[in-house]
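Just so you know, the protein sequences line up as chains Y and Z, in that order. Residues in the first sequence are numbered from 1 upward in steps of one, following full-length UniProt numbering. Residues in the second sequence are numbered from 1 upward in steps of one, following full-length UniProt numbering.
Rather than coming from a laboratory, the hints here were simulated on the basis of the structure. Ideal Cβ positions, reconstructed from N, Cα and C, are used throughout, including at glycine. Treat the hints with caution; some may be incorrect.
[Unchecked claim] Derived list of chain Y stretches under chain Z, where covered just means 3 residues or more per stretch with a C-beta under 8 Å from a C-beta of chain Z:
# : stretch
1 : 70-77
2 : 199-209
3 : 352-359
[Claimed, not checked] Have a look at the derived ranges for each label pair, beta carbon to beta carbon:
# : chain 1 : residue 1 : chain 2 : residue 2 : range
4 : Y       : VAL343    : Z       : THR187    : 49 to 59 Å
5 : Z       : VAL23     : Y       : ASN19     : 28 to 38 Å
6 : Y       : GLY382    : Z       : ASP102    : 34 to 44 Å
7 : Y       : HIS211    : Z       : ASP121    : 26 to 36 Å
8 : Y       : GLU315    : Z       : ASP111    : 49 to 59 Å
9 : Y       : HIS211    : Z       : PRO335    : 28 to 38 Å
Protein chains: 2
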Amino acid sequence: MITVEDARALLFDLVSPLNAETVPLAEAAGRVLAQNVSATRDQPPFAASSMDGYALKSAEVEQHAMFKVVGESAAGRRFEGTVGPGQAVRIFTGAPVPDGADFVVIQEDTDRRGDLLTITDDPGSKTNIRPAGIDFTVGTKITAPRILRPEDVALLAAMNIAVVPVRRKPVVALISTGDELVMPGETPGPDQIIASNTFGLKAMLENAGAHVRVLPIARDTVSSLGTAFGLADGADLVVTIGGASVGEYDLVADVSQNLGMERSFYKIRMRPGKPLMAGRLGDTAMVGLPGNPVSAMVCGYLFLIPMLRRMMGIEQALNPFQRAKLAEPIGKNGPREHYMRAVLSDDGLRACSDQDSSLLSVLAKANALLVREPHDPARPAGDQVQYLPI
Amino acid sequence: MITVEDARALLFDLVSPLNAETVPLAEAAGRVLAQNVSATRDQPPFAASSMDGYALKSAEVEQHAMFKVVGESAAGRRFEGTVGPGQAVRIFTGAPVPDGADFVVIQEDTDRRGDLLTITDDPGSKTNIRPAGIDFTVGTKITAPRILRPEDVALLAAMNIAVVPVRRKPVVALISTGDELVMPGETPGPDQIIASNTFGLKAMLENAGAHVRVLPIARDTVSSLGTAFGLADGADLVVTIGGASVGEYDLVADVSQNLGMERSFYKIRMRPGKPLMAGRLGDTAMVGLPGNPVSAMVCGYLFLIPMLRRMMGIEQALNPFQRAKLAEPIGKNGPREHYMRAVLSDDGLRACSDQDSSLLSVLAKANALLVREPHDPARPAGDQVQYLPI
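The following block holds chain Y by itself, in its conformation from the complex:
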């Protein structure tokens, strides 16, 4: 048996960053920028007023000074002339500051009658002008890799980058295995249950940026599993669920090895989710998850999401653990790392009372995995512990 960290290192060796593709800006949010992009223009492209008011010469600004209003500069329609001595131009927020002017008096500090403008209040020393290029200039870079947030999308738009180079989405094929499984909406026999892992993992992996293909349930026969692997063709990552344990009916290892998979490991010293398998089938990475629903989901967080992040070229493939105080004491841990279902609330972190790896109802109430090292001692309430938000 190997540690979670060692397992992750081996899993990372199975994948590499995918190619870049380009998408329209409107579809770039949430994708991973694949290469640096540069602004194609200055922002603002001209000195711009930051207020509604009057543009004039700073040397002439003083209380009670009077000016003749000679024109107007609006956003999108500048004043084409030059502001001379004793002259002012009506200006609006975002509009180009006309030649000859270097100061904007805000309208609240003025009185206007016809063409005659008087500065009625002390306008202070702030020019209310944004210099050209103060936000960015031609060549200002947005550096890759980064997951594009709404703010990045707005900035890309302002830079006039209409087509964005992003990493291709990893394609994941999910294969649930087992004679006991039927799909939601079917009527299970008395010995059967509903395939739940497939749907939970699909939601989880799509959240993390993957394109997920749900394949038909594979039965516990060589031919059914072979068919499922065939349908996975073209995926970057094939994930089997169930059938990776040691029972006679766990055929996934046999079938995948017959298909040429080089198996890279088998068991991880952790709870939940001990049996886990991985390898490569040609260009495709393959991971075999345990069939217990909670084990499969926890392994998804610990292994599959970091693999996806690695494929998408994200530098920090592991979401770092957070720290919180225990709201209730916890007992000592055994010899395996334990990722306990837990609830984080205002007063701290509480491990759920039943940690059985079959209990989806407990997992659905949890919002954190409390991380226990092997042989971690019993801990009182108030102790700082590590957790992974889920």
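With the hints as your guide, set chain Z onto chain Y.
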């Protein structure tokens, strides 16, 4: 001018929870459950083994005891007989425990030769049996409203809920206004800039669960704005960007009032984003955001996302503020609430040095809005402050 809190209360009055619709389970992740749903079955539907091993009678369990293996129970294919005295049934994880058996000895504690099984190690007192219904039983509820996480989707699947009642996605129509704007990919004139708010807000609001329609840019004319409002037909929320200020070219208020909008307020005592307008046009809520990119995005976080959450029936419409320590001192605040762009890192929260509301490059570097109350005093490093993660 009114406070952010008062503004939000008025905005909430403009919207109400949308109707429910049903979606296939595979599309339910991230949606808001609209009504309670109940399990249609017990899970597990039978007493099930939690380990690979042998099912037999607990009264006969002791080290060195011997049994005859009379059959096998696999997941999906139970042993149909009854386990009698001195008998054992090979059993795998998740398989039904046969009648007559009430204990599973794990295979690691046994030795098997042909049909003869010997308990070689003390199996302890744990039965390794999951009682029927220990995860959930017929009628166990998942309560609405809740945003469906991957864990919820897995639980819904296990409950055999193949079609899920969720709130309809709010449809938001975005109208950018201004003669100075062109769309990304176009070639702007010397007085023009690229429409960036539309794309940033689209990404933000889609993240929050909306379906966003980007409408053509409205020019600063009554007819162009009228056309845009016409194209917004059918939206639950119309958001205009720009044109809500006091300049002569800010036509949004005039046009929307001519269309019959009851304006509910106009200005909010906050930075950035002071001018803001809202009202109703028939069944449609309308919000006019300021045109400065940072103001528009901050108003999106503070006002639009809570409105969407209200429309989706989420009880906690406001994402609560978080708390962190200042990594650097901040100066005193003026008379308006201030949502400062800030960066949260391991050593605390740092306000960005330039808070001008035109700077998208600053916003894209920020990951938090530091919340300042009106007249908040200067604060030293180490002070606890409130922030909203972005």
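A quick look at each hint next to the structure:
1. 70-77: holds (count 4)
2. 199-209: With 8 residues in contact (Cβ-Cβ under 8 Å with chain Z), the coverage given for the stretch 199-209 of chain Y holds.
3. 352-359: That given contact holds, which follows from 3 residues of the stretch 352-359 of chain Y lying within Cβ reach (below 8 Å) of chain Z.
4. Y:VAL343 with Z:THR187: 49 to 59 Å: Hint holds: Cβ distance 55 Å, inside 49 to 59 Å.
5. Z:VAL23 with Y:ASN19: 28 to 38 Å: 33 Å, holds
6. Y:GLY382 with Z:ASP102: 34 to 44 Å: 41 Å, holds
7. Y:HIS211 with Z:ASP121: 26 to 36 Å: 48 Å, violated
8. Y:GLU315 with Z:ASP111: 49 to 59 Å: 51 Å, holds
9. Y:HIS211 with Z:PRO335: 28 to 38 Å: For PRO335 of chain Z against HIS211 of chain Y, whose Cβ atoms are near 50 Å apart, the range 28 to 38 Å is violated.
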